[in-house]
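Below, each chain spelled out in residue letters.
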Amino acid sequence: DAGITQSPRHKVTETGTPVTLRCHQTENHRYMYWYRQDPGHGLRLIHYSYGVKDTDKGEVSDGYSVSRSKTEDFLLTLESATSSQTSVYFCAISESRGGSSGKGSYEQYFGPGTRLTVT
Amino acid sequence: QKEVEQDPGPLSVPEGAIVSLNCTYSNSAFQYFMWYRQYSRKGPELLMYTYSSGNKEDGRFTAQVDKSSKYISLFIRDSQPSDSATYLCAMKATGTASKLTFGTGTRLQVTL
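Chains A and B supply the protein sequences, listed in that same order.
Sequential numbering of the first sequence, starting at 47, is according to the working numbering.
Sequential numbering of the second sequence, starting at -15, is according to the working numbering.
Rather than coming from a laboratory, the hints here were simulated on the basis of the structure.
Any given hint could turn out to be false.
Stated by the list, open to error - Keeping only pairs whose Cα atoms sit at most 25 Å apart, straight-line, the calculated SDA-like set for lysine to any residue is:
# : chain 1 : residue 1 : chain 2 : residue 2
1 : B       : K40       : B       : S57
2 : B       : K(-14)    : A       : S130
3 : B       : K83       : A       : T117
4 : B       : K83       : A       : D108
5 : A       : K103      : B       : G79
6 : B       : K83       : A       : H75
7 : B       : K83       : A       : V106
8 : B       : K83       : A       : G104
9 : B       : K83       : A       : E118
Unchecked claim - Here are some of the chain A residues that sit facing chain B, going by a computed Cβ distance under 10 Å:
#  : residue
10 : I50
11 : Q52
12 : Y81
13 : G86
14 : L89
15 : V134
16 : C137
17 : Q154
18 : G157
19 : P158
20 : G159
21 : R161
Fair warning: this is a prediction, and the values are worked out from it, not measured in the lab.
The C-beta atom is built at its ideal place from N, Cα and C for all residues, glycine as well.
Please work from the sequences and hints to get the whole structure.
So, in structure tokens, the structure goes:
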């Protein structure tokens, strides 16, 4: 999984509790992403980071916050978990090099995922 | 309407068959195209990457892009049971940093 780990790998929590998921990379890539994957919706971007302390929202960011204090770590926090946040969460990284000939390098590499159940 | 459409399957084929997986898209700004393979309970794994129209080959896999029709395909030759997985297409538009838009995935089953 391209030097990406996620913790925990599985978590069951109750509605209303805070939850933090961690993504750790050893590739020194600039960009990091959090996605959720749900049946019928595919992978949807929650938040992403383009550098230490630089983050931005994705398409499904409501109810989630993120932080990145080091290049290698990207945290996703559910401030008050709800049942609708039951999902599989994936972290991804990319280098996002723009080529001089117009050929970019935008591939993303994914971690193993965290299966979160909110009861 | 979703920006990227992908038939969810499942698609069942016998071992050795040629498999064709497809995605259509509506956003003409998409310029970079990727295919990921995802085994059950695993993270997506990058298979192919292309930014131009035409074909790109890598072993048994061929990625095809037709920008005029807004249609991309992944062909798998001599399919194997180990190819059984969900295949996701992903696309990136110019000027959107590195954000990707994914299809919902096609589940493929290769039978003996």
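**OP:** Would you list, in rising numerical order, the hints stated earlier that this structure does not obey?
**Re:** none
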